[in-house]
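*Asks:* Take these sequences, add in the hints, and give me the full structure.
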Amino acid sequence: MDFSYTILIPLIPLALFVILGLFSKKIPASIAGWFGSFGLGTSFVLSLYTAYHYFLEGKLNGVYQTFIYKQTWLVFTDKLHIDLGVMIDPISVMMMVVVTTVSFMVHIYSRGYMHGDDGYTRFFAYLALFSFSMLGLVLATNLFQMYIFWELVGASSFLLIGYYYTKPSAVAAAKKAFIVTRFADLGFLIGILLISYYTGTFDFQELTNPEGMLITSWASYSFMGLSVFTWGLILIFMGGVGKSAMLPFHIWLPDAMEGPTPVSALIHAATMVVAGVYLVARLFPAYYFVEGGFALQIVAYVGAISSLVAALIAVTQTDIKRVLAFSTMSQIGYMMLALGVSKYEGHEGLGYMASMFHLFTHAMFKALLFLGAGSVIHAVHSNYMKDMGSLRKYMPITHITFLIAALSIAGFPGFAGFFSKDEILVAAFESNKLIYYSSVLVAGLTAFYMFRLYFGIFWGEDTKYKHTPHESPLTMTIPLIFLAFMSIFGGYIPFSQFVTADLTPFTAHLDLPLAAIASSVGIIGIIIAFIFYKKPNELPQKFANAFGVVYKFIYNKLYFDELYIFVTKKILFGIVAFSASWFDKNVVDSSMIGIGNVTVSVSNKIKGMQSGKLQDYAMSFVGGIVVIAMVVFYIWIN
Amino acid sequence: MNLESFLLMRSEIGLLAILLLLIIFEIFSNKKQKAAVIPFALILLAINTVLGFLPLESGELFGGMFRTNALLYFFKTTLSLGVLILLLQSADWLKEKVVDENKATEFFILIISSLLGTYFMISAGDFLMFYIGLELTTLPVAALVAYDTYKRISAEGAVKYILSSALASGAALFGISLLYATTGTIYFESMAEILASSNLAILGFIFFFSGLAFKISLAPFHFWTADVYEGAPINVASYLSVISKGAAVVILMILLFTVFKPLMPVWNKIIYIVIIATMFIGNLFAIRQQNLKRFLAYSSIAQAGFILLGLMSVDQLGTTTIVYFVAVYIFSNLGAFGVVQAVSSASDKENINDYEGLYRTNPKLSLLMMLALFSLAGIPPLAGFFGKFFLYTAAASQGYYILVFIAVVNATISLYYYLLVVRAMFLRQSDQAIPYFKSPFYMRLGLILAAIGILVAGVYSPIYDYIFSISNTFLN
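So the sequence lines, in the order shown, correspond to chains A and B. Residue numbers for the first sequence, in the numbering used here: 1185 to 1822. Residue numbers for the second sequence, in the numbering used here: 606 to 1081.
No lab work stands behind these hints: they were computed from the structure. Keep in mind that a hint or two might mislead.
To be verified - Beta-carbon label-pair distances, calculated as ranges:
(1) Gly1004/B to Ile1708/A: 23 to 33 Å
(2) Thr1256/A to Phe658/B: 17 to 27 Å
(3) Gln1037/B to Leu1192/A: 36 to 46 Å
(4) Ile1662/A to Pro644/B: 52 to 62 Å
Predicted model, so just to flag it, every value in this text is computed and none were measured. Note that the Cβ used here is the ideal one computed from N, Cα and C, for glycine as well.
*Replies:* Listed below in structure tokens is the structure:
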């Protein structure tokens, strides 16, 4: 079997980016839209074909084979080298399908959504760049290649969040996202350095081979009670935490909603933010086998806590995109915890499968929710729930598709989210009861805030609109309908036949009692939301008042942003940068001012040059020598 | 010794020939023909650069005063390519000078003389040759800083430069004399055998090191940089902070890894401290700069700190990473300085806020600027990222984890200010955005070459492999 053609899947968007980026002034936006959609459509078809081909014929003796096409790129030492290439295995094929599907839909949708903005050729160029980077990340054959694309994804997300650069908040959000994730990537990079230095390889296959020598022979080097490999994995996970907006690096995600809504759907719902999950899944055997899965436990708890906290915050937010942002964070927490509680072989690897399954269904329904929200925002020109109400009359297609997505994420029986969430809960139940209970609570909260959103937008009072809202054009509703279809039927794909931790298919069954508990909790959430928000009434406000301080605490996102601002502004900028700027102002600037004065008054010229700052420079030069000499002679030598 | 063996000095002889031809041209051309010096000089230098790609044997001349090998030769060619790009970027600016002041030829003569001095430093086999090279590189640059004779700030910068560098040369010379006093020789090879870590030798080393540290503008010997760069014309600032500094770093490496190898326990501690100080000072000051020239000057101080990381690993890995990173550094900085030069000559604007909205009006220039800055910031997959990554690896391979950690933190800080410029170009809008302009021919050629350099050095792996394979020739 030959999958080498899959290299085209990322290269098509790259070509699109180069063409659209270089000639952005010459290509009209409408043509760029067609061009982009067509290119991504090609990638989409190719990846579907790959998936069909691979899942049908990719097995040998019942185990999925991994196909690697790579080229050595840089040689470090005799052992350590960096390859570039594509790696075809169940999760990469699955992710490829997710990325191209959502990207394709978003391209089609954006042609309608961006209509009216001037010169949005640039927008499609950035989208293509993002798609290319994301696909490169997914198909990476080694840690290093993944890191490269990881950063590229960050850079293109930076450009897209800041797309509306006339808005200062968008620019600030772009910067925040980039810097926060970059900071997390620092951990990733150090982790890669550590692991590659000790193992002598970047290669995923070698790093994750459970029978290989690397994993078993690794416990010997230890640092603060843990092996270096575990430290490396934890640091690498830190990069994933940043990109997937888990606690404590989640603060960029809500702000990133300043970007155009299709971007939020593509990047901040379906693809980039799940890169962290994908990273852990990619290295799963290493996480699982090294030191009894210590690093994996961290993954589980970070996921569970983030999931709960985000769900709580989502309940209180009023900007519909921010509700969705926190919901995304919460659902990604689900995927993380599922990975964290998973084991490796056969049915025990249920968590792994469930995580990937949920990643898939979530991509579909969350992209749909965002695109639906975009359609609503497009119609009423506001992000806030208070400006919406009774929209079901004006926007029937958006209404129905949004409802389908909401039911799916709430885990209503029969919808896609129900199946994947059920698998996660089963996996959590079998491994860690604490995490299980928290997850059930999250399921209830999810149903509640989703339907709070739904009733608030589509039911409730008929707000006085300045312009009567109307249904979005066909180019926006077609993607909605397609994704709605996937949000229902995506759940019936027998995922355990395709994507498993040990690459061997198994059969997963619906666990009826657990499913019943989860869906009844979900339905209770929906009912409460119905009572609270179907018609405007006093109840929500009363509850908010009753919880008073707690409500305010949660509404303000647990004051995480303030905490960060305190640390960076007060401590970093206040103390460190202040002293630097003092020096700059008083020493460097005053010398510049000195030069200025010299040029103004000719009479002082000679005097100024000779008695000016040059002597200070000479002083510091000689002083430097003396200090170094003293340090060397008196401290190091004696 | 036969005449053929003089071919070892091929690149030096080439530069010398260019110098002579330029002087002859200057004498015999009439006023109308003067402008022809620009293509003439460029073509000559281009030929010399291309010749540099022919292989050359290793060997010695003049009883070991002059030596060369594949690595040194490779580096000379890189520098020559860098100077060629720089001159291409200056050519259009010089055209005006020909018309107004009739002084384009001297610009070429001065730059090429300085480059020749650098060549001699690189190939020096003893301290005498080395010192002559040092002076030959420094003095012409002082004249270049004052090239805009009628600008006071320029003259001011030149005076500062020449006085500070005289001090630095003095320190270096004093260091050499102390070293001579302890060992009784000025030949590198014999000194390396005799040199022991006596106090006198260490003192000599410290003085000598300070002289070189001045050229690389390492902290605390960096104060002259900002003033001089501010006063100098952009392309001279670019020459100083890119070519001259890059060369000095490699020369420092050559000396530390050969002559001063016996003193390694001493110098690697000094370097350790200097690296940390240099990175922090360069970074923290770069953050506040508004003027792009000054901004690039400070950021290049921080970059120099990074390059020294490679010195922590005295082996093939360290050598390779330094030479590789310096090459990457040269191309990336030339890209950035080139854009600043192009914009400045089209609109006279040099501040970061003036670049707001540049992507809308001049997308290609902005893309190149982004490429160069991202490469300097070390964002994969650009050249600078690999350069930095290799440097980290080199330092980490010797167990300097804390140092690597500090360097990674600094890289993150530097990302912030590089991003400020990118943000201004791409994410800001301005009513007074610099309008669209088309750069003249030479400038475009210079920018394209720099862009190719950044991309090729970053993506085309045989370059790294080649440096790796030849860095053995130097250590033995």
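*Asks:* Does each hint fit the structure? Answer for all of them.
*Replies:* Status of the hints after comparison with the structure:
| no. | hint | result |
| --- | --- | --- |
| 1 | Gly1004/B to Ile1708/A: 23 to 33 Å | violated, 59 Å |
| 2 | Thr1256/A to Phe658/B: 17 to 27 Å | holds, 24 Å |
| 3 | Gln1037/B to Leu1192/A: 36 to 46 Å | holds, 44 Å |
| 4 | Ile1662/A to Pro644/B: 52 to 62 Å | holds, 59 Å |
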